[in-house]
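Residue-level listing of the chains:
2 protein chains.
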Amino acid sequence: MTAAPSTAPPTAAQVLHRCRDLVRPELERAVARLHPWVGEMAAYSFGWCEVGGAPATAPGGKGVRQALAVLGAEAVGGPARAGTTAAVAVELVHAFSLLHDDIMDGDPTRRGRPTAWRAYGTGPAVLAGDALFALAVETIAEAPAGAPGLRLLSTALGDLVRGQADDLQFADRPWLGPDRVRPEAYRALAEHKTGALLGCAAALGAALGGAPPTTVAALDRAGRELGIAFQIVDDVLGVWGDPAVTGKPVHNDLRARKKTYPVLVALDTPVAGRLAGLLDSGERPEAAAALIEEAGGRSAALREARRRIAAARSALAAVPLDAGTERELGALLEFLVGRQL
Amino acid sequence: MTAAPSTAPPTAAQVLHRCRDLVRPELERAVARLHPWVGEMAAYSFGWCEVGGAPATAPGGKGVRQALAVLGAEAVGGPARAGTTAAVAVELVHAFSLLHDDIMDGDPTRRGRPTAWRAYGTGPAVLAGDALFALAVETIAEAPAGAPGLRLLSTALGDLVRGQADDLQFADRPWLGPDRVRPEAYRALAEHKTGALLGCAAALGAALGGAPPTTVAALDRAGRELGIAFQIVDDVLGVWGDPAVTGKPVHNDLRARKKTYPVLVALDTPVAGRLAGLLDSGERPEAAAALIEEAGGRSAALREARRRIAAARSALAAVPLDAGTERELGALLEFLVGRQL
Chain A
1 MTAAPSTAPP TAAQVLHRCR DLVRPELERA VARLHPWVGE MAAYSFGWCE
51 VGGAPATAPG GKGVRQALAV LGAEAVGGPA RAGTTAAVAV ELVHAFSLLH
101 DDIMDGDPTR RGRPTAWRAY GTGPAVLAGD ALFALAVETI AEAPAGAPGL
151 RLLSTALGDL VRGQADDLQF ADRPWLGPDR VRPEAYRALA EHKTGALLGC
201 AAALGAALGG APPTTVAALD RAGRELGIAF QIVDDVLGVW GDPAVTGKPV
251 HNDLRARKKT YPVLVALDTP VAGRLAGLLD SGERPEAAAA LIEEAGGRSA
301 ALREARRRIA AARSALAAVP LDAGTERELG ALLEFLVGRQ L
Chain B
1 MTAAPSTAPP TAAQVLHRCR DLVRPELERA VARLHPWVGE MAAYSFGWCE
51 VGGAPATAPG GKGVRQALAV LGAEAVGGPA RAGTTAAVAV ELVHAFSLLH
101 DDIMDGDPTR RGRPTAWRAY GTGPAVLAGD ALFALAVETI AEAPAGAPGL
151 RLLSTALGDL VRGQADDLQF ADRPWLGPDR VRPEAYRALA EHKTGALLGC
201 AAALGAALGG APPTTVAALD RAGRELGIAF QIVDDVLGVW GDPAVTGKPV
251 HNDLRARKKT YPVLVALDTP VAGRLAGLLD SGERPEAAAA LIEEAGGRSA
301 ALREARRRIA AARSALAAVP LDAGTERELG ALLEFLVGRQ L
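Order-wise, the sequence lines are chains A and B.
In this text, residue positions in the first sequence follow my numbering: the first is 1, and each later residue adds one.
In this text, residue positions in the second sequence follow my numbering: the first is 1, and each later residue adds one.
Only chain A is shown next, with the shape it has when bound in the complex (with noise of 0.2 Å):
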C-alpha cells in the first residue's frame, strides 16, 4: 500500500536539502585535513561549532553554490564524486571569501553570530580564509581530468577578487559627475562578485563529470546570468523589501548609502541632483525611495534583472541536459529571483 510517486516537480527547497546532504559529509572530510586550529575556524564560519569547537546547529547559507554544483555534474549524466567534488570546492572558495570579506567591510555579523575576524582575530581569520583557499585548489587539483576544472576555478577567483576591488573603490565614488558608477560597471561587479562564483558551481559540476566544453560554457553563462539578477533582485529588496522577509530594516541600503542598481540608474536621470543630495543627507529615505521610482529605477533593476533570467533559461535551453535535473535548475532560479519579477 505505498503512495503513487509523486509526479509533482521537487521544490527548491528539497533540491537544496537534497545536494547539502550529498555535499556535507564530503565537506568535513575536506575541512578535517586543514590544521586543528585553522579547521576549527572553517567550521565554526561554515556554523558547525561555537569558538572552542563546541558542537554548533548554527545556520549555514541556503547553499545555493553547492547544489548547482551537484545538479551541474548530474545535467550531463556525471558520476555523483563529480559533483560533490565540485561543490566542495565552490563551498571552500566561498568560504573564504567571506571571511575575508567581512575583514574587508568590517562587518561585525554574519547569520547572527559574531564573524570569524570577530570571534577569532583578524589575523587567524586571514588565515583561515588562505587554507580554505589554498584547500579547493587542492580539491581539484587532485581530482581526475582537473586540468580544466582549475581554470574555471582560477577564472573565478580572479572575477572574485576584481568584483571585491571594484566594491571597495565604488564606496568611494560621487554620486554625481563624470566619476561616478554607471549602471553597467555595476553589472560587470555583480558579475564578477557574485555570478563568477555560481557560473564556476555549475560548470565545474558539469567539467568533472566530463561534459564537453559548449555545455560547460552554458552552464557557466547561465550561473553568471543568475549572480547578476540576484543581486539587482537583493538591491531592490534593499530598498524596498518587507523587513519581515529581508530581516533588515525598511529602507537600509538607502540609510547607509549603498550604491546599488536602482539607485545608479536613477542617478542617470534628470534627478539626479536632488537624489544625491536626499542620499548624502542620510535624512527621509522614504522620499529618496520614492525619487528612485519616480525616476523609473526600480522598474528598470526589475526589468534587468527578468532580462538576465531569460538569458539564463536560454543559455540552458541551447544544451542537452538531463529533463529532470533541468526542471531542478528551473526550481531553484524561480527561488532565488523569479518570485520577486
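Treat the hints with care, since some could be wrong.
The list treats identical chains as interchangeable, and a pair is accepted whether it falls inside one copy or across any two copies.
To be verified - List time: in silico SDA-like cross-link candidates among lysine to any residue, alpha-carbon distance up to 25 Å:
{"id": "1", "residue 1": "259", "residue 2": "124"}
{"id": "2", "residue 1": "258", "residue 2": "36"}
{"id": "3", "residue 1": "258", "residue 2": "124"}
{"id": "4", "residue 1": "259", "residue 2": "123"}
Since the hints were derived computationally from the structure, they do not count as laboratory data.
Following the hints, position chain B against chain A.
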C-alpha cells in the same frame, strides 16, 4: 682582442641576477592583468613603485625562488618558458604570503619600507594578497601540461598555511613542560614555512619543463632540505650573527623571545629551567646566548643544517641533471647557507 671565455663557475650573485632579468618581464606582464588598484599594491610589494604608483627601485628580495624555478627547468633541459612560468607562479605565491604574514604578525616594515597593510590599510592588503594567490593559480592553470604543476603548487600552498598556523601558535606555547615546542616540530614548521615553496619552485620548473616524476620529486626534496637548513642558519645568525652583516641588533631573536632552533634544543637539556628564566626576564641576552651555546644548542643547530644540506646535495646527485645547471644550483646552496657552516 676579446678575453678568453672564463671557465670559472658563475657566482651565486651572477645566477640570481641572470634569473631575475629573465623573470622580471613575465612577472610584470602577469601583474598587469590585475585590477589596477590591486596591481599597484602588488607592484609596491615587489618594490617597483611607491604608494600612488610613482616608479621606485626599492630593494626586492634576493629572488631565490625564481632562480630555483628557472634552474629547475634548465636542469632538465626544459624550454625557457617553463622556467619563467614556474618562477612567476612561485614569486606571486611568495609575495602573497609576505603580504598576509605581515598582517598576521603585525610587522610595520619590510625591507626598509612600510609594509603593504601599513601603507594601504589591512583590508586592501588582504585583497592584494588574495589577488596574487589567485593569479598564481591562474598562471599554472593556463600553462601547458599544468596538471602535475598544480598539484605541486597546491601542496606548497597548503604547507605554507600550515606552517604559518604553527608559527602563530608556537609563540603562545610555554618554554617548559609537556606543551613546549620540540625541535622536531620546529623542523616540520621550517619545512612547511620555508622549504615547501623552495622545493615547489625547483620542482615546478622541472615539471613544466617535462621532467619525469622522480626528477621532480628529487628537486622538491632538495628545496625542502635547503629551506630547513636556511631557516636554522637564520636562527643561528639571529642569536650570534654580526649586526653589521644581519642588519639586526645582536641577540635580537633572544630579546624577542623567539622559539628558534638553538633555543629549543637547549630547552631539551638540563639547563632548561635556568634558560627559561633568563628568556622570560628579557634581560641579559648575552647570558642566555652563552647558556644555549654551553648546552650545545649552537653546535646542534649547525650540525642539523649541515645534515640538511648534505641531504639536498644527495637528492640532486641521485637524478640526471644538466651538469652546468647543477653547478649553478651548488653555487646557490653555498651562498644561502654554506658560508655559515
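Hint numbers contradicted by this structure:
Per hint list: zero violations.
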